[in-house]
Amino acid sequence: MSLADRFAGLRDALRGLSMRSRLTGVAMLLLLIALFEPHWKTTRDAFDFVVTLDVTQSMNVMDYEIDGKETSRLNYAKHTLRQVLPALPCGSRIGWSIFTEYRVLLLVAPIEVCDNYHELLDTLDRIDGRMAWANASEVAKGVFWSMRSVKELGGSHGVLFITDGHESPPLNPVLRPVLDAKSEKGQGYTYMDQTTWQNKPVYDGKPGDVRGLIVGVGGETLKPIPKLDPEGHPMGYWGADEVMQIDVITAGRTGSAAGEKMVDEGGKAVATMKPTMTEHLSSLKDAYLAGFAREVELGYHRLSDPAGLLRAMTAPEFARPAPYQADVRVLLASIAFILLVIAHVPALLRIPRARSLGRQAGKRFSRT
Amino acid sequence: MAPINLAFSEPGWLLSAPLALLPLLRRDADTVNYSWLALVPPDPLSTALGWLLRIVAAAVMLAITLGLAGLHRPQVPVERVGKGAEIVLLLDRSRSMDEPLLPKGSQPALYSGRRGESADLESKGRMARRLLSEFSANRPDDLLALVLFSASPIPVMSFTQKQDMIQGAITAGGVGKGLSETDMGRGLLAAADFFDQRAYAGSRLILLVSDGGAQLEPGMRERLTTVLKRNRIGLYWIYIRSAGARGIRAEAGDSEAMESAPERSLHRFFEGLGIPYRAYEAEDPEALKRAISDVSRLENLPIQYQEMLPRFDFATRCYAVAAVGCLLLFAAALMRVRRWP
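Chain order of the listed sequences is R and E. Using the working numbering, the first residue of the first sequence is number 1, and each one after it goes up by one. Using the working numbering, the first residue of the second sequence is number 1, and each one after it goes up by one.
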């Protein structure tokens with residue numbers, strides 16, 4: 001038999017095939033292609049953050065509930081992050097950092113979340129108030145410090161700063177954190193503008209040069225702050241006379257002249273703050289954080305549940321296209337499956353007359 | 001071995017599994033017209049074969065569903081034995097570590113930059129981190145944990161072999177300046193804690209990298225002695241000498257005041273512990289390198305560790321089964337009687 005004849009034979013064979021067999025044939029071809037594990041090189045959104053957790057003592061206030069059990073702000077934040085981590089798309093990178101005093105300390109530089117999931121969780125679980133190296137909480141300076149850390153890392157990571165916004169010592173309104181737009185030094189560790197007051201939190205970068213979110217945790221009502229010793233043992237609550245009720249400027253300094261007042265650069269006395277006598281109690285400083293975030297061009301998100309935080313973190317503005325190998329097998333196999341479904345749904349096929357004949361005869365007839 | 005676990009990565013696809021029953025529903029689509037059915041004798045073999053092919057078709061569809069649902073065996077831990085040790089890196093995160101490591105005899109003033117590192121001199125901390133990261137990259141079997149210490153111990157990660165994580169944690173140490181205080185006693189306790197309640201799987205050691213010593217109170221000494229001995233932990237101290245310090249070993253002509261310097265006192269305490277202990281004084285980058293290569297050379301006893309057997313994807317196998325099934329169905333279709341002769 002010549003080659004042409006053979007082909008003719010094959011053509012004949014195919015021509016006579018039923019619709020179902022043809023569909024089966026196409027499905028077979030698709031599945032065979034799938035066996036070569038074809039991939040489609042593309043990109044997908046990934047989200048990189050250096051997550052900074054406030055570990056100061058105000059974060060131990062029991063404001064939240066997990067499964068009906070009271071829990072602290074810090075624990076709730078960690079609980080939320082534990083759920084967010086596996087929900088981030090693979091390729092995203094997360095790093096951990098903690099905030100106390102006036103600065104942050106980076107614990108783990110950002111690493112990929114899917115491969116290092118267990119390791120990242122392990123470090124998150126270890127973060128607690130015992131890591132704090134000092135009892136102060138200058139939140140604005142901490143946020144600036146976290147922005148600088150991100151720049152120092154050199155990546156395009158966002159900052160995610162989780163705090164209750166409780167400034168301790170309190171911040172005099174005239175010393176509100178400012179972005180020092182004039183200074184574009186952006187070098188070294190100068191985080192305070194030496195020509196203004198030492199305590200004024202100043203950021204030496206440009207507004208908007210670091211993206212990210214400030215995440216507010218805590219309840220609306222003032223609650224006492226548990227007092228813990230350095231090893232984490234409870235020692236009651238902080239008393240009104242144990243914390244600074246006024247800011248450092250109002251407090252002035254101990255000098256030889258009694259009643260010495262701080263003056264500004266023009267020689268005018270700086271407005272002093274009336275003590276509120278509530279600094280030993282803590283609530284989420286929602287408005288302060290939101291306003292501050294606006295000023296430094298970060299987003300603000302009030303923590304309520306993991307899904308909300310995930311949505312805030314995966315907003316399009318934080319997306320980075322990460323290379324991704326899309327699996328083409330799924331596409332091929334799903335088409336093959338649909339073809340087979342069509343092939344076996346009698347209603348979708350032209351039903352030949354013989355069928356009714358078979359019924360009449362009362363017995364089935366297979367042609368196999 | 002543990003029973004084989006199977007899991008689905010996209011279980012939603014399983015909802016389409018019932019569709020695999022379609023081929024089993026009784027109906028005939030491929031029929032041939034014939035004048036009178038009663039003339040055709042019943043053919044049990046054909047009937048059986050017909051049912052077999054239906055079952056094959058159902059199996060094909062089920063296999064595709066399983067493949068789409070991402071049938072896989074999740075990663076499982078397996079016990080392995082390698083050469084290495086369980087090492088807790090205990091790193092000083094104090095601000096003095098930001099200063100450059102000066103060659104012996106030189107004056108800090110000659111090198112003083114603005115703050116910390118100058119252009120051509122690496123800081124002590126950065127050098128220690130660089131060498132440690134090379135060290136861990138060359139010892140894949142080691143289980144490394146990391147504790148930073150300043151005013152309080154900061155346990156960063158527990159034992160892992162994941163290079164990403166180890167390098168991420170070491171890199172992090174270089175961001176931002178150091179902290180102001182050091183509490184070495186609690187740092188050591190936190191490091192030793194990693195071995196508490198942990199099955200003995202290989203040699204255990206704490207690798208302390210610091211540029212200063214500490215005077216430990218008696219209570220802390222007692223706690224440390226107990227926990228280090230109980231857990232059979234060895235101790236390597238890489239002491240990075242600060243400019244102007246006299247070092248940890250006594251030299252002729254040292255005054256009494258020098259004898260009570262914190263680094264000397266700590267060194268004596270470690271020596272008297274009765275645990276395997278080695279101290280290295282790194283005065284220059286070369287010495288630091290030597291110290292770390294010593295650790296790599298000496299700590300090579302067998303170590304038991306768990307390795308994660310990566311997840312195994314069965315999807316392609318499922319598709320292979322389906323493709324073979326389709327091939328059978330198709331071949332059968334080609335052989336089928338289509339016209340009565």
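One or more of the hints may lead you astray.
Unchecked claim - Below, a list of computed lysine-lysine pairs in the DSSO-like style, where the Cα atoms sit at most 30 Å apart:
(1) E:K177 / R:K227
(2) E:K83 / R:K78
(3) R:K206 / E:K177
(4) R:K151 / E:K162
(5) R:K227 / R:K151
(6) E:K177 / R:K285
(7) E:K83 / E:K229
(8) E:K83 / R:K41
(9) E:K229 / R:K151
(10) R:K78 / E:K229
Claimed, not checked - Footprint (simulated), chain R over chain E, 3 or more residues, beta carbon under 8 Å:
(11) 63–75
(12) 138–152
Hints in this document: simulated from the structure, not taken from any laboratory. None of the values given here were measured: they were computed from a predicted structure. Glycine included, C-beta positions come from ideal geometry on N, C-alpha and C.
* To do: Hints the structure violates: just list their numbers, smallest first.
  => Hints 2, 5, 8, 9, 10 are the ones this structure does not satisfy, whereas the remaining hints hold.
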